[in-house]
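Dock chain B against the given chain A, drawing on the hints supplied.
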Amino acid sequence: MMRRKKEEISAEERLYVASQWQLMGRKFKKHKLAIFGGVVLGIFYLVAIFCEFFSPQDIYKGYTQYIYCPPQRIRFFDEKGFHFRSFVYGFKRTRDPKSLRRIYTEDKTKKYPIYLFVRGDKYKLWNLFEADIHLFGVKEGVMFLFGTDKLGRDLFSRDLYAARISLSIGLVGVAISFILGSILGGISGYYGGVADMIIQRITEFLLCIPTIPLWMGLSAALPPEWSPIKVYFGIIIILSLRGWCGLARVVRGKLLELREEDFAMAAKIAGATDEMIITRHLLPSVLSYLIVNLTLAIPWMILGETSLSFLGLGLRAPIVSWGVLLKNAQNVRTVTMHPWLLIPGLFVIIVVLTFNFLGDGLRDAADPYK
Amino acid sequence: MIITLLVVSVVAFLIIQLPPGDFMTSYIVQLQAGGEQVQEEQVAALRKQYGLDLPIYLQYFKWAWDMLHGDFGRAFSWNRPVSELIAERLPLTVVISLFALIFTYVMAIPIGIYSATHQYSIADYTFTVVGFAGLATPNFLFALILMFLFYRYFGLSVGGLFSPQYLRAGWSIDKFIDMLKHLPVPIIVIGTAGTAGLIRVMRGCLLDELRKQYVITARAKGVSERTLIFKYPVRIALNPIISTIGWTLPIIVSGETITAIVLNLPTVGPLLFGALLSQDMYLAGSTIMLLSFLTVIGTLISDILLVWMDPRIRYEKREES
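Order-wise, the sequence lines are chains A and B.
In this text, residue positions in the first sequence follow this note's numbering: the first is 23, and each later residue adds one.
In this text, residue positions in the second sequence follow this note's numbering: the first is 155, and each later residue adds one.
The following block holds chain A by itself, in its conformation from the complex:
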């Protein structure tokens, strides 16, 4: 009986009975760019989580014969025609007689086929499980899809490991900002008064200081003898010191608005306590806006970390992030000679763009009644 009834409800009626979250989901699905952004980000995070498995090589292993070696192309065709198993060509290294610069040319006699699930360098997944299976790789010879750096290390693998650091910085930083922002914004929005005044002044102050100089100053103050992990968290804290401001403002503004709404008044008249009103009625209404703001705050964190590390004030060498990798491309001469050093920058742009697309779609969806 019940089931039949459900089927009889028309599409229009379903719109009326749909919960707010269902409406949001429906609206979000219409935003194609946001869906696309979400999918791309999903792939990025998946690769970042299992970067040991996806990267073909150990990121600290330097190939001294292959310093600043250009990217190899994955090929399916050779002089004999199409091959189902893709392969890369080896390199012949010569030196320019005048400038003594290394010149790498493709050596078509050397062919290294690429295998899936190949055994290669040993690694420890998440520092827990030892393994040596990589998604793809070559059994003999070398494969540098994004070239190598000045120590002959495989940049493709390094980019994947860097993704883990860069992407996680955004998430952890936003988590800290979220806690700070919702607590402080909540206090100033719901209670108002002196607390509101003080918190408002602090956010205003932090928002009008130019970020990069402030971040530079703070991160230069991190003691040089700190371990990389400590520096990593130090940088995150520095980034979220400012990140929470925007969030606190949103929470405060929304709470001020909602506090006066009929449903909050109704709850109060019905005898609900402050705590119940906040947790049961106000927070769920603010949550969608919070999620939007968090999504849009992540790319700023990632950009901040990249900029700082690029300047050499952020994360430091054994840790690899996209910013740390870009540090190698600091001047025009290196970039002109080895343009592939800029590839991590491309990743940064893609990630920031897709986060913005996703956030845009979420923002439209957060207000489903509009």
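Be aware that one or more of the hints could be misleading.
Keeping only pairs whose Cα atoms sit at most 20 Å apart, straight-line, the calculated EDC-like set for lysine to aspartate or glutamate is [unchecked claim]: (1) K54/A x D278/B; (2) K130/A x E162/A; (3) K52/A x D278/B; (4) K130/A x E101/A.
Please keep in mind that the hints were generated in silico from the structure rather than gathered at the bench.
Chain B only, in chain A's frame:
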């Protein structure tokens, strides 16, 4: 306003005090590396001279007091007064930031108007994508890519603000023209960062405005489309744009800092960078503080502008009081 500036100065001072050791420690290391013998008394005398032996809060008051009198202390690493160093570079910083700000507005407002009046057209989508790309590209990367492209395809080196022959020359018309030639790259790099956001704001506000009844009424009465759009909706949509100077300015100043480091411009950015690396406390602190001061003052000017442009705000305030 005054309180904000005061807090800025405290923060700037704290940043400088955070790293363990002070400048003397690195200075002594530097001297010893140079093979010089450093006497204990000598160090103590130097510390006393620079006031490094005082407790921290006294150091702060001394610093703030001197600053009020135009004395920003001495840049150890340059062995010159901080005020001199900053005075050399600050005008260029302000000029570049101003140009970048103007560039942002000149780009964003027309594009925003166009996107709003031609919503969902191909051009609208193109601007959106390009704008987002500008937003997503870190300043320094954009600067690097532009430098790379210029170098690769035109054989030009776009770093710096002056050609080598004018570097040490005094100001002349030739030098000025030379500077103008170097300006576009940094201005484009710095300006694009804020443009995307502004286009979105402008487009959104104008779209809201265009849906209002007075627009429909005016259209029904036969007002030409151009007058219709520019006379009222655009003017109203401009208000939020002006009020966003408050957050556009910090973006531009921080963009300027990092871009200047990459492009090696003779502005405050590289000065701050160098000072931080060598722990030159007075220089770094004063630079951060002046940059923040400028931003705060810029924000104040934007508030005044807003009241001037939109009389409704003034009236509302008067009613409150």
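Taking the hints in turn, this is what the structure says about them:
{"no.": "1", "hint": "K54/A x D278/B", "in the structure": "16 Å, holds"}
{"no.": "2", "hint": "K130/A x E162/A", "in the structure": "15 Å, holds"}
{"no.": "3", "hint": "K52/A x D278/B", "in the structure": "19 Å, holds"}
{"no.": "4", "hint": "K130/A x E101/A", "in the structure": "9 Å, holds"}
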